[in-house]
Amino acid sequence: MPLPKRCVEPVHVSRGTVPERLAVPSELEAVTNGTLAHTVRQLSSLSKHAEDMFGELTREATNLAERTNVLQARIDRLAIKVTQLDSGVEEVSLQDIQMRKAFRSSRAFQQQLFSRNSMPSAMLATYARCDRPPPLERLNEFRDDGRDARKFYTDPDYFFELWRREMLQDTERIQHDRGKKVRAPRSGSGAEGRGTRRIRAPHSTRERQKAAAVTRGEHIMPTAQLKHLDEHVAHNKPDPVYIYTSVPDGNYKTPQNRPPSTQPARPNSIEIEKQQIRQPRLTGNGHVPEESPYGTAPEPIYGGSIAGTPRRARPSIPPPAPPAPLPPAHAAPSLTPTRSSLPPPPPPPEGSPPPMMNGASPPHRTALDAHLDHMHAVIGMMSSEEGGVSPPPPPPAPPAPPAPPPPADVTGAGVTVGAGAGEDRPRPPSPGALARGASALKPPRPAADPQPDPRTDLLKAIRLGIKLRKVEKRCDDTTGRYDTLRGAPAFHDVASILARRVAVELSDTSSGADSDSDDSDQWTESRA
Amino acid sequence: MSTPPRETIQKQIQQDWANREYIEVITGSIKKITDFLNSFDMSCRSRLATLNEKLTSLERKIDYLEACVTKGETLT
Numbered sequence: 001m002p003l004p005k006r007c008v009e010p011v012h013v014s015r016g017t018v019p020e021r022l023a024v025p026s027e028l029e030a031v032t033n034g035t036l037a038h039t040v041r042q043l044s045s046l047s048k049h050a051e052d053m054f055g056e057l058t059r060e061a062t063n064l065a066e067r068t069n070v071l072q073a074r075i076d077r078l079a080i081k082v083t084q085l086d087s088g089v090e091e092v093s094l095q096d097i098q099m100r101k102a103f104r105s106s107r108a109f110q111q112q113l114f115s116r117n118s119m120p121s122a123m124l125a126t127y128a129r130c131d132r133p134p135p136l137e138r139l140n141e142f143r144d145d146g147r148d149a150r151k152f153y154t155d156p157d158y159f160f161e162l163w164r165r166e167m168l169q170d171t172e173r174i175q176h177d178r179g180k181k182v183r184a185p186r187s188g189s190g191a192e193g194r195g196t197r198r199i200r201a202p203h204s205t206r207e208r209q210k211a212a213a214v215t216r217g218e219h220i221m222p223t224a225q226l227k228h229l230d231e232h233v234a235h236n237k238p239d240p241v242y243i244y245t246s247v248p249d250g251n252y253k254t255p256q257n258r259p260p261s262t263q264p265a266r267p268n269s270i271e272i273e274k275q276q277i278r279q280p281r282l283t284g285n286g287h288v289p290e291e292s293p294y295g296t297a298p299e300p301i302y303g304g305s306i307a308g309t310p311r312r313a314r315p316s317i318p319p320p321a322p323p324a325p326l327p328p329a330h331a332a333p334s335l336t337p338t339r340s341s342l343p344p345p346p347p348p349p350e351g352s353p354p355p356m357m358n359g360a361s362p363p364h365r366t367a368l369d370a371h372l373d374h375m376h377a378v379i380g381m382m383s384s385e386e387g388g389v390s391p392p393p394p395p396p397a398p399p400a401p402p403a404p405p406p407p408a409d410v411t412g413a414g415v416t417v418g419a420g421a422g423e424d425r426p427r428p429p430s431p432g433a434l435a436r437g438a439s440a441l442k443p444p445r446p447a448a449d450p451q452p453d454p455r456t457d458l459l460k461a462i463r464l465g466i467k468l469r470k471v472e473k474r475c476d477d478t479t480g481r482y483d484t485l486r487g488a489p490a491f492h493d494v495a496s497i498l499a500r501r502v503a504v505e506l507s508d509t510s511s512g513a514d515s516d517s518d519d520s521d522q523w524t525e526s527r528a
Numbered sequence: 001m002s003t004p005p006r007e008t009i010q011k012q013i014q015q016d017w018a019n020r021e022y023i024e025v026i027t028g029s030i031k032k033i034t035d036f037l038n039s040f041d042m043s044c045r046s047r048l049a050t051l052n053e054k055l056t057s058l059e060r061k062i063d064y065l066e067a068c069v070t071k072g073e074t075l076t
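Line by line, the protein sequences give chains A and B. Everything in the first sequence is counted per the UniProt record's numbering, starting at 1 for the first residue and increasing by one. Everything in the second sequence is counted per the UniProt record's numbering, starting at 1 for the first residue and increasing by one.
If you're looking for bench data, these hints aren't it; they were derived computationally from the structure. One thing to keep in mind: the hints can contain errors.
Claimed, not checked - What the simulated footprint calls covered on chain B by chain A, stretch by stretch (three residues with Cβ under 8 Å from a Cβ of chain A suffice, anywhere in the stretch; the number is not a length):
hint, segment
1, 5 to 16
2, 23 to 29
3, 32 to 38
4, 48 to 60
5, 63 to 69
As the list claims (entries may be wrong) - Straight-line Cα separation of at most 20 Å, SDA-like style, residue types lysine to any residue; simulated pairs:
hint, chain 1, residue 1, chain 2, residue 2
6, A, K151, A, D170
7, B, K32, A, L43
8, A, K5, B, M42
9, B, K11, A, T32
10, B, K31, A, K151
11, B, K31, A, T68
12, B, K11, A, A30
13, A, K81, A, N63
14, A, K151, A, R132
15, B, K54, A, T68
16, A, K81, B, K61
Fair warning: this is a prediction, and the values are worked out from it, not measured in the lab. For each residue, glycine too, the CB sits at the ideal point set by N, CA and C.
Please model the entire structure based on the sequences and the hints provided.
Right under this line is the structure:
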């Protein structure tokens with residue numbers, strides 16, 4: 001509702017100009033006189049307002065003139081000072097320039113612009129004409145909560161209070177959120193978080209492998225279940241899975257007998273390694289007749305492992321560092337690198353089995369040639385490293401893998417496989433084989449262990465860096481708080497509230513940048 | 001009650017019209033004065049506000065210049 005600042009009165013000049021009780025000889029003259037009188041009143045009112053108005057303008061202009069005079073004096077002084085400056089005479093040291101205090105403008109916030117004090121007198125007069133509010137303050141003594149009873153009727157500070165409360169709550173919320181946001185990554189990236197991450201690193205490959213397999217739709221059984229399954233398998237020798245593994249080329253016949261749940265959709269490098277483990281044992285024992293079932297399949301084992309592993313129940317746990325799952329046909333080549341660290345692959349190609357295999361599975365031959373060649377090379381390398389003759393060395397090495405079964409349930413599957421496939425098959429030479437198996441299995445772990453060490457240093461450095469930044473940020477925070485506190489400790493005026501809010505928001509943006517850097521740190525960390 | 005003669009009535013009405021015209025002129029003048037005062041007030045205030053702004057910026061500039069020129073205010 002627009003409220004007129006000044007009102008010239010009377011508004012209605014000609015009304016009520018005829019006296020009702022008095023008999024007037026001429027009504028027309030009475031009206032004219034009355035109207036003229038009202039007009040004169042209007043003029044007086046107008047002159048009053050004009051005086052008031054001119055007074056205000058004069059006051060304002062006087063104020064400006066004073067300021068202008070003061071400014072003029074300052075400018076004059078400054079001009080004199082500047083003219084007195086002589087670069088030739090005065091020597092200004094660099095240090096002085098460096099140590100000079102930064103300029104800081106003393107800006108006073110204007111507030112309470114629309115209060116009673118700043119109200120023009122004409123408006124004050126209008127307000128003064130208003131009816132006073134009912135004397136509700138007399139009821140204060142009957143109130144228990146100590147609130148002013150009149151504030152329920154009229155409260156000029158109501159909206160300011162509303163705004164103030166909202167702003168303060170907002171500020172608190174922002175601070176709270178920011179604290180959370182800042183603290184969350186901190187706690188996550190704290191010593192514990194880092195520690196766990198570091199500890200996890202060695203296992204990450206396996207877990208990654210599992211996750212990848214799961215995403216591909218494979219079902220990974222929990223180890224306990226697998227153990228159970230293994231026992232079950234051990235009891236039931238004729239389990240189609242293992243029959244299949246022992247059968248040379250019946251790769252794709254057995255699947256029908258198998259329960260679908262135990263058929264992983266895809267061969268896994270893990271299985272292939274299992275096959276390796278198993279095969280060495282067969283060949284290593286040197287029992288040709290026993291091997292014959294396997295022997296016919298030595299190469300098929302690879303082919304079969306590639307194609308047939310899917311039939312087998314999934315291994316309880318993959319070897320320490322299994323390579324990424326591979327497509328059946330190309331699995332072997334990419335496997336070889338990992339195999340180098342594992343016990344030497346079976347001697348199938350060089351031993352008697354190869355011919356049988358060749359005869360048994362000609363179709364696979366072409367596909368497996370490359371793998372075989374690669375295997376030959378690897379075996380040669382391994383044997384040369386061990387210093388033994390190429391054919392004999394492989395046999396001893398093979399037994400090793402089966403040995404590990406007892407220690408780790410990873411190999412447990414292999415053991416059960418061995419037992420199930422050929423029980424009459426001679427047991428692998430346990431003592432030496434065990435040691436070798438252990439040594440053969442170990443290599444990957446040592447390789448994984450040393451990794452964390454350099455990381456610890458890096459992490460330490462990162463952590464230190466983060467700590468430093470945190471301290472800086474806290475400083476900023478506190479300085480902001482002090483600034484606001486310097487303005488008004490109680491936050492009862494607009495300027496201090498706004499200043500506090502601005503400070504909080506500014507520090508919020510800085511924390512945002514900080515969190516970004518945190519992210520980048522995590523990124524680099526994960527990369528490292 | 002006898003009615004006044006027609007000429008008298010005419011005369012009174014004519015006088016009244018003249019008075020009303022006079023009053024109209026006066027009130028019109030008052031309105032003009034008011035308008036002028038209002039416009040004067042507005043224009044003065046806007047000019048004063050502009051002046052105030054300029055003065056404020058000048059004061060700040062002078063503040064800065066004084067701070068630049070004065071020596072001895074160092075951090076030590």
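Taking 20 Å as the top limit, are the C-alpha atoms of B:K11 and A:T32 close enough? holds, 15 Å
Is B:K31 close enough to A:K151, meaning Cα to Cα at most 20 Å? violated, 42 Å
Is the listed coverage of the segment 23 to 29 of chain B by chain A valid when you require three or more residues with a beta carbon under 8 Å from a beta carbon of that chain? holds (count 3)
Run the distance test for A:K81 versus A:N63: straight-line Cα separation, threshold 20 Å. Given that 20 Å is the threshold and the Cα spacing comes to 27 Å, the pair is violated.
Would you check chain A against the segment 48 to 60 of chain B, counting CB to CB pairs closer than 8 Å, and say if three or more residues qualify? holds (count 7)
Pairwise hint evaluation, B:K61 against A:K81, where the allowed Cα distance is 20 Å at most: With a Cα-Cα distance of about 16 Å, the restraint between A:K81 and B:K61 holds, given a limit of 20 Å.
Three residues minimum, CB to CB under 8 Å: does the segment 63 to 69 of chain B make the cut for coverage by chain A? Let me know. Check passed, 7 qualifying residues.
Keeping to a limit of 20 Å between CA atoms, is the pair of B:K32 and A:L43 held or broken? It holds: about 11 Å lies between the C-alpha atoms, which stays within 20 Å.
Taking 8 Å as the C-beta cutoff, is the stated coverage of the segment 5 to 16 of chain B by chain A satisfied by three or more residues? holds (count 4)
Decide if the proposed pair is consistent with the structure: B:K11 and A:A30, CA atoms, cutoff 20 Å inclusive. holds, 16 Å
Verify the proposed pairing of A:K151 with A:R132, using a straight-line Cα cut of 20 Å. holds, 14 Å
Mind checking the alpha carbons of A:K5 and B:M42 for me, to see if they're no more than 20 Å apart? With a Cα-Cα distance of about 12 Å, the restraint between A:K5 and B:M42 holds, given a limit of 20 Å.
In summary, the structure is inconsistent with hints 6, 10, 11 and 13 from the numbered list given earlier, while agreeing with the others.
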